[in-house]
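Residue numbers (the numbering used here), protein chains in the order written: chain A, 1 to 95; chain B, 1 to 486.
These are calculated hints, taken from the structure and not from any lab test.
There could be a bad hint or two in this list.
[Said to hold, decoys possible] Keeping only pairs whose Cα atoms sit at most 16 angstroms apart, straight-line, the calculated EDC-like set for lysine to aspartate or glutamate is:
id, chain 1, residue 1, chain 2, residue 2
1, A, 92, B, 96
2, A, 83, B, 43
3, B, 183, B, 170
4, B, 213, B, 246
5, B, 126, B, 310
6, B, 150, A, 82
7, B, 182, B, 117
8, A, 92, B, 145
9, B, 168, B, 21
10, B, 471, B, 432
11, B, 400, B, 411
12, B, 90, B, 136
13, B, 213, B, 249
14, A, 83, B, 96
15, B, 466, B, 437
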Amino acid sequence: MALSTDTVSNVARLSRLAITPERLPALAAELNNILGFIEQLSAVNTDGVEPLRSVSAATLRLREDAATDGNQAEAVTANAPEKSHGFFVVPKVVE
Amino acid sequence: MSTPYRIKGRTGDWELVMGLEVHAQVISQSKLFSGASTLFGAEPNANVSFVDAGFPGMLPVINGVCVEQAIKTGLGLNAVINTTSIFDRKNYFYADLPSGYQISQYQQPIVGEGWLDIELEDGSTKRIGIERLHLEQDAGKSIHDQHPTKSYVDLNRAGVALMEIVSKPDLSAPFEAAAYIKKLRGILRALGTCDGNMEEGNLRCDVNVSVRKPGAPLGTRCEIKNVNSVRFVVQAIEFEAARQIEILEDGGTIRQETRLYDSAKGETRSMRGKENAHDYRYFPDPDLLPLMIPQAQIDRIRAAMPELPEARRKRFVTQYGVAPQDALLLAEENDIAAYFEEAAKGATDAKLLASWAVGELFAALNKAGTGIENSPLSPARLRGLVELISNGTISGRIAKDVFALMLESQDEAAAIVEAKGLRQVSDTGALEKAIAEVLAANPDKVTEYKSGKDKLFGFFVGAVMKATGGKANPGVVNDLLKKALG
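For reference, chain A alone in the conformation it holds in the complex (with noise of 0.2 angstroms):
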């Protein structure tokens, strides 16, 4: 499988990256590389096995539902640009 150059500039615009049109030949090719490399554990049959999502044998923990957190706005925005009465602002965004 090897990714286009419209396909890694599709994916850079979906991940919000400035790639200028130059660098998307030495980028694609690079990602080719990577995908290339994964792209030998094809060669393993996996029929009938199921997908390992974990090597650990735990299972997914539950919390209990109790209100336990919260109530910290001030350390929430500390690190917002930009803030005003407890919200975080940005630049417009609206539909």
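We have chain A already, so just place chain B on it with the hints.
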């Protein structure tokens, strides 16, 4: 079978094919993956943990009650509960989604296929398939009207548990969509898994609409987002279907897209910004192990399932003899059903009581803009009033006056009837006297009646009722009048 719903176009009839995606906010104290409160109306960003805010290194831990609620809802929808399900990351960028992904379920949801039955206008039922139900996080809320060039973001809602309930494309008319939402909402409320409040956004609806000539292959669908009332769902479908038919009849093609319903303008419009939104690049969330549900837990929840509105409606008809249309209204909501059952305890005529609850009481509640929980009449007081009608103490007409007086006081119906002297006159002697007076005062009418003008009977009844201040027992008056006019 009812006649299939068709839309008349210039080139002939069209049929609608629709599926609904309902987002129902789970009733829980804390969020799906954090310990922050779910309470509505808190100060901005007060109900936010570092997990919800997407801080680095924070790990999600799932809320056991949210899992229970999803199982319960799945059982209420006659659905398969998947003993293994997987949480995935759905990736997209938006200011109110701090981590850049929503934790959702993609290929292995917690609940699989199920169904519910809706009642059609002609009284028949139609089975609507449920495709799946999965658990996911809600996003935060952006406020756009506070500043000309900025949006304000509040993450209080971010991370609250939602159940996304997806129907099969089995809906083929606007009223079917409305009936489906109402039915689903009734089930969620009865189960206590979602409060169903559409105004506060606790139940939200996306509608997939396509049209085709009857029997033709499926048309291209458009998804209408952001429809927040049953009425708007109906309006949005009607508008969207007409729009698609017009394009097709003009020789055009439908572009698959996400559209927004604008309730102020009554139209749907394209959300061009979401053109690439479906490229979510789902992958299993490495922070969360598979969710394993022991069969014993499913069995325990199934054994403790409360009665659902449909079963309750049928029981009200068989157990109390309530009229089917009254039973529908009394059984839909837990609070109303509980009120009725309390009032019906020891009632002589529960059917009459039901019709008073649905008629006079509901009208009074509507007028006062309040719910059954703030009813001015306790169940016992309503029963007291209806008992007086059942045992012939007052007529239904007088009962309406007594009801009005009961709204303004805390008095029992019997006390009001005694104090105001409203007791129905069934004493034949007194009534015979009143009848004789009425007949004596209207000799010309009596002659007309006897010469065959039967309609005048009503006039005599009215006159006697008037003479007795409305307190005469209408049945007794009828009998005595017939004899007197014999």
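Handout entry: Proposed proximity, residue 145(B) with residue 92(A) (alpha carbon, max 16 angstroms)
Key = holds, 10 angstroms
Practice task
For the pair we were handed, residue 126(B) and residue 310(B), check the Cα-Cα distance against 16 angstroms.
Solution key: holds, 14 angstroms
Practice task
Take the C-alpha atoms of residue 213(B) and residue 246(B), compute the straight-line distance between them, and say whether it is at most 16 angstroms.
Solution key: holds, 13 angstroms
Practice task
Given the hint that residue 182(B) pairs with residue 117(B), test it: the Cα-Cα distance must not exceed 16 angstroms.
Solution key: Holds, at about 11 angstroms.
Practice task
Quickly compare the C-alpha distance for residue 471(B) and residue 432(B) to 16 angstroms and report which way the hint goes.
Solution key: holds, 14 angstroms
Exercise for the section: Below or equal to 16 angstroms on CA atoms is what counts here, so check residue 90(B) against residue 136(B). Expected result: holds, 10 angstroms
Handout entry: residue 92(A) paired with residue 96(B) [C-alpha distance capped at 16 angstroms]
Key = The given pair, whose Cα atoms are some 12 angstroms apart, holds under the 16 angstroms limit.
Problem - Hinted pair residue 168(B) and residue 21(B), Cα distance within 16 angstroms - result: Holds, at about 9 angstroms.
Practice task
Please work out if residue 213(B) and residue 249(B) have their alpha carbons no farther apart than 16 angstroms.
Solution key: holds, 11 angstroms
Handout entry: Pairwise hint evaluation, residue 437(B) against residue 466(B), where the allowed Cα distance is 16 angstroms at most
Key = Given that 16 angstroms is the threshold and the Cα spacing comes to 12 angstroms, the pair holds.
Practice task
Verify the proposed pairing of residue 150(B) with residue 82(A), using a straight-line Cα cut of 16 angstroms.
Solution key: Holds. Residue 150(B) to residue 82(A) sits at ~10 angstroms (cutoff 16 angstroms).
Exercise for the section: Below or equal to 16 angstroms on CA atoms is what counts here, so check residue 183(B) against residue 170(B). Expected result: Judged against 16 angstroms, a Cα distance of about 15 angstroms means the pair holds.
Of the numbered hints listed earlier, not one is contradicted by the structure.
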